[in-house]
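Enquirer: Each chain, written out:
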Amino acid sequence: MSYQDLEFTREELARYNRHIIIPGFGEEGQKKLKAAKVLIIGSGGLGSPALLYLTAAGVGTIGIVDFDVVDDSNLQRQVIFDIREIGKPKVEAAKRRLEALNPHTRFILHNTHLNSGNALDIIKDYDVVADGTDNFPTRYLVNDATLILDKPNVYGSIFQFEGQVSVFNYVNEKGERGPNYRDLYPTPPPPGLVPSCAEGGVLGVLPGIIGSLQALEVIKVITGIGEPLSGRFYTFDALNFDSRTFNIKRRDDNPVNGKNPTIRELIDYEQFCGMRAVEEKPAKEITARDLYDWQVKGKKFKLIDVREPSEYKIVQIGGTLIPLSTVLEHTDEIPNDMDVVFLCKSGVRSLKAIKELEEKFAFNNLYNLKGGILAYIDQVQPQLTRY
Amino acid sequence: MATVIIPTPLRKFTNQTARVQIEAGTIGEVIDQITLDFPELKKHLLDQQGGIRSFVNIFAGDEDIRDLQKENTPVNNSTIISIVPAIAGGSF
Numbered sequence: 013m014s015y016q017d018l019e020f021t022r023e024e025l026a027r028y029n030r031h032i033i034i035p036g037f038g039e040e041g042q043k044k045l046k047a048a049k050v051l052i053i054g055s056g057g058l059g060s061p062a063l064l065y066l067t068a069a070g071v072g073t074i075g076i077v078d079f080d081v082v083d084d085s086n087l088q089r090q091v092i093f094d095i096r097e098i099g100k101p102k103v104e105a106a107k108r109r110l111e112a113l114n115p116h117t118r119f120i121l122h123n124t125h126l127n128s129g130n131a132l133d134i135i136k137d138y139d140v141v142a143d144g145t146d147n148f149p150t151r152y153l154v155n156d157a158t159l160i161l162d163k164p165n166v167y168g169s170i171f172q173f174e175g176q177v178s179v180f181n182y183v184n185e186k187g188e189r190g191p192n193y194r195d196l197y198p199t200p201p202p203p204g205l206v207p208s209c210a211e212g213g214v215l216g217v218l219p220g221i222i223g224s225l226q227a228l229e230v231i232k233v234i235t236g237i238g239e240p241l242s243g244r245f246y247t248f249d250a251l252n253f254d255s256r257t258f259n260i261k262r263r264d265d266n267p268v269n270g271k272n273p274t275i276r277e278l279i280d281y282e283q284f285c286g287m288r289a290v291e292e293k294p295a296k297e298i299t300a301r302d303l304y305d306w307q308v309k310g311k312k313f314k315l316i317d318v319r320e321p322s323e324y325k326i327v328q329i330g331g332t333l334i335p336l337s338t339v340l341e342h343t344d345e346i347p348n349d350m351d352v353v354f355l356c357k358s359g360v361r362s363l364k365a366i367k368e369l370e371e372k373f374a375f376n377n378l379y380n381l382k383g384g385i386l387a388y389i390d391q392v393q394p395q396l397t398r399y
Numbered sequence: 003m004a005t006v007i008i009p010t011p012l013r014k015f016t017n018q019t020a021r022v023q024i025e026a027g028t029i030g031e032v033i034d035q036i037t038l039d040f041p042e043l044k045k046h047l048l049d050q051q052g053g054i055r056s057f058v059n060i061f062a063g064d065e066d067i068r069d070l071q072k073e074n075t076p077v078n079n080s081t082i083i084s085i086v087p088a089i090a091g092g093s094f
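Those protein sequences? They're chains A and B, same order as listed. Position in the first sequence (first residue = 1) + 12 = the numbering used here. Position in the second sequence (first residue = 1) + 2 = the numbering used here.
Derived from the structure by calculation, the hints contain no laboratory data. Hints are not guaranteed to be accurate.
[To be verified] In the DMTMM-like style, the derived pairs of lysine to aspartate or glutamate whose C-alpha atoms are separated by at most 25 Å in a straight line are:
hint, chain 1, residue 1, chain 2, residue 2
1, A, K186, B, E65
2, A, K232, B, D49
3, A, K261, B, E73
4, A, K325, A, E39
5, A, K271, B, E65
6, A, K372, B, D49
7, A, K325, A, E341
8, B, K44, B, D64
9, B, K44, A, D264
10, B, K72, A, E371
11, A, K372, B, E42
12, B, K45, A, D83
13, A, K364, B, E42
14, A, K261, B, D69
15, B, K44, A, E368
16, B, K45, A, E320
17, B, K72, A, E341
[As the list claims (entries may be wrong)] Derived, one-sided and incomplete: chain B residues facing chain A with beta-carbon distance under 10 Å:
hint, residue
18, I7
19, T10
20, P41
21, E42
22, G52
23, S56
24, F61
25, R68
26, Q71
Idealized CB from N, CA, C, for every residue including glycine.
So that you can see chain A by itself, here it is in the shape it has in the complex:
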């Protein structure tokens, strides 16, 4: 059904009055929103404000992709959730909040990890995608899937005090297609070089700003008002209040939609991002259950916790605190005559510590706690505080 055939109830006309009276937006713009199907990938920091504003604005159908459950540590920035929802699936918690906001919007929940196997199937039924994910493999996956399916992708990304926004793969009224994420960043950084928000932190207001800008661009793409941020790349430094808008272009060597495309279907994005690269000598791992076994049996070993002191204060399991950045200065505290287990929040930083130590000091007695303290809490001591 075309948007022109839609009719608003009196109640809807009253609700959307402040949109309808905007010159150039009108009832037509509002009908386009009602007819639109928008997919929000990630209902976290960026997804929260995007979902709230797009629902309030009267988008007719909103899909939400998230596999996670609400955690207390999310509430510092994920304003769509509240303490009653802790432990519940995010997509369901979001739906409860959004349905109370606008009964005229229909929600479709995808309580799953977006991956190469399901992405095309999930995205194909939507008109616009807003990418609020939190990792490079999913960024490239969403990008490629939207290129293959010919959908505009409203991109937002944050780290600490820095935010980025652009509209990718947008076709303007002249039929000209704008650039996409691969034109901007052909390859991702190798794992470990750029910390994640879970390690590097993010100021809670920043995703509120960037996610709201994504909602704004989604509305512009749907209604055709103004100039969508296509071919332009916006960056915001919250610390200095410095915002810049750069010009970006399509590239002939884009492997998905350049002159000689080599990628015609979705690939293995974890491998593409180097996360499953074959290593000559993988670090030894220990599971949370085995570590617990060592602890209760009184086995002689040393446990080293490479997280930051602020994290250690939240929860710790008896490890000696040596933050990752200082590990190489504290080798005297790392014995070589017994097994040593390294741990961090999820297992990435501890692996990095082991790699550095093995490379520089020829240790061969170091074990990485698989899945970090979070796995330990999940599998062994669920009463401890997660963060």
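Dock chain B against chain A, hints included.
Expert: For chain B alone, coordinates are given in the frame of chain A:
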């Protein structure tokens, strides 16, 4: 002197300095100088062959240097150079 804007994730390598003044004639010279002044920046900006990493974009003014003359793009006293690495945060 040209002004280089350092993004927040890289400021830990520039003593938290957000804007650095560099005397140089081209983008390539700016990068040479800034990685000399702040050696730890090097592995974040350049690959092992000395090329600009493909997850780091450099803009002279509002334009991507890949659309200008890449490392040979001329700079002058009023040029503002932005270093913009890929970031991926959002959900968690």
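Enquirer: Work down the list of hints and note, for each, if the structure agrees.
Expert: Outcome of the hint check:
1. A:K186 to B:E65: OK: K186 of chain A and E65 of chain B at ~23 Å, within 25 Å.
2. A:K232 to B:D49: violated (38 Å)
3. A:K261 to B:E73: With Cα atoms ~18 Å apart, K261 of chain A and E73 of chain B stay inside 25 Å; holds.
4. A:K325 to A:E39: violated (54 Å)
5. A:K271 to B:E65: Between K271 of chain A and E65 of chain B the Cα gap is close to 22 Å, so the pair holds against 25 Å.
6. A:K372 to B:D49: holds (22 Å)
7. A:K325 to A:E341: Distance ~22 Å between K325 of chain A and E341 of chain A Cα, so the pair holds.
8. B:K44 to B:D64: Between K44 of chain B and D64 of chain B the Cα gap is close to 23 Å, so the pair holds against 25 Å.
9. B:K44 to A:D264: The hint is violated at about 28 Å.
10. B:K72 to A:E371: violated (36 Å)
11. A:K372 to B:E42: holds (19 Å)
12. B:K45 to A:D83: Roughly 36 Å between the alpha carbons, so the hint for K45 of chain B and D83 of chain A is violated.
13. A:K364 to B:E42: holds (18 Å)
14. A:K261 to B:D69: holds (8 Å)
15. B:K44 to A:E368: holds (19 Å)
16. B:K45 to A:E320: holds (24 Å)
17. B:K72 to A:E341: violated (40 Å)
18. I7: holds (7 Å)
19. T10: Holds: closest Cβ of chain A sits about 5 Å from T10 of chain B, inside 10 Å.
20. P41: violated (16 Å)
21. E42: With Cβ-Cβ at 12 Å, over 10 Å, it is violated.
22. G52: At about 17 Å, which exceeds the 10 Å cut-off, the nearest Cβ of chain A leaves the hint on G52 of chain B violated.
23. S56: Hint on S56 of chain B: holds, closest Cβ of chain A at ~4 Å, below 10 Å.
24. F61: Because about 5 Å separates F61 of chain B from the closest Cβ in chain A, which is inside the 10 Å limit, the hint holds.
25. R68: Result: holds, 8 Å to nearest chain A Cβ.
26. Q71: This hint is violated: Q71 of chain B lies away from chain A, its Cβ roughly 15 Å from the closest one there, beyond 10 Å.
Taken one by one, the earlier hints fail for this structure at numbers 2, 4, 9, 10, 12, 17, 20, 21, 22 and 26, listed in ascending order.
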